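Undergrad: Residues per chain, in single letters:
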Amino acid sequence: MSNKLIDLKFKVNGKEVELKVNPKTLLLEVLREELKLTGTRQSCEVSACGACTVNIDGKAARACSILAVQLNGHEVVTIEGVADGKTLHPIQEKMVSHGAIECGWCTSGMVMSARALLLENLKPTRDDIKKALQGNLCADSGYVKYVEAIEMAAEVMQGNK
Amino acid sequence: MKDFNYSAPKTVKEAISLLGSLQGEVKVLCGGQSMLVLMKQGMLAPEHIVDIKGISELDYIRFSEEKGLTIGALATHGAVEKSPIVKEKYPVLAEMEDNLAVVQTRTWGTIGGNVCHGDPAADPPAVFIALSSKYKLMGKKERIVNAEDFYKDLLEVDLEHGELLVEVQVPPMPANSGVAQEKLMVQKGDMGIVGAAAFVTVNPSTGICEDARIVLTNVASIPFRAKGSEKVLIGKKIDEKLLEEAGQIASEEVDPPADTHGSEEYRRDMARVFLKRATAKALQRAQQKN
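Residue numbers (the numbering used here), protein chains in the order written: chain A, 1 to 161; chain B, 1001 to 1290.
If a hint is listed, it holds; no wrong ones were tucked in.
Selected chain A positions facing chain B (Cβ under 10 Å, derived; list incomplete):
hint, residue
1, I6
2, G50
3, T53
4, K59
5, I66
6, V69
7, N72
8, A116
9, G135
Now the stretches of chain B that chain A is said to cover, found in silico as 3 or more residues with beta-carbon under 8 Å:
hint, segment
10, 1041-1053
11, 1102-1113
These aren't lab readings, by the way, just hints derived from the structure by calculation. Computed from a predicted model, the values in this text were never measured in an experiment. Backbone N, C-alpha and C fix where the C-beta goes; we use that ideal spot for every residue, glycine too.
Work the whole structure out from these sequences, hints included.
TA: As structure tokens, then:
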């Protein structure tokens, strides 16, 4: 069996990245181990918890369940690429100020699912938000505050508050 | 995960010629949302992976009144879920996608990958069979197969060496027809412990059921066509008593697995319940169209 390394060229948080990977390498491994972007959580690794959620071309996807080589030509945003310099994104800002963050383990995944939702729909209903977070588990069961914080962030992003 | 040889053809032509030439165990990878789980667990360790996710010519959803809906193998679940034409003409497919796993899976997972995985618990094969769909396969030559005939055994489908599924073809919905899908979930998005997809047509003047196609999931090694149940419905006016009879027949005819989610006995009874629910909903939709 040949362990031929494959060229991988994609965008991560706005920057072009080029590297060579074993084709069995997961996107999660490239992000955390090669690029040292450890904000994306390595958690259940069986597509159950959503803690590794990133945005691929603006949509929520699980970094633990995608081969890195499939990202060739795509654009990935991780939790490290959400804030604007030192200014938190409204989703992050509202999650902090509203106390949605408890232990913080699932938070980066929650932010990425919420970001994908608001990129597509800036006026989500509560039901839309719940559906968008359906694949993100919180062991503290802190879902209500997350949903509320995302509602508040949507208001800010619409320019209402 | 075991190492494998990897190639990523960019066109269907390239993929087919590659698939025809590779020796040893070959698996085609689309989104990998089901396959990677098996590979990580070591249950699947192919020697070659042919990654077709980058073949953009297979990423489409098209509709025409004559041909119906054609879905390219690489259309994602998310694309089907949000497609305006799917919502308008085949709302059952959008409803199915809404309950298919979670957002993240639907972003990367594809229709082609799902229907080729051959999981008897999966929703799309059952719904496509209920809708009399066909699958278009490309190899040395083109082959069109009925979705119903494509499933051979647990995780085994009718794909020959060198063949690739390129398209799902869903015919136009006949007049006076209705279709619905229901499944038993602990949480929204779960694989159905038992599920049912039902298609019925009803004569608008007599109210008699003229055609019925009912498919159950997770009650056999392949999607289960409830032919005995269909037979008692066709040619009659469907009422609660007849539905119960159809459900009873299905509960006797299925051959369900037993696992932590449900015993064999429980699944038999749920086959009855969900067949009734899906069929009643399909019937209601068919009547609304009249």
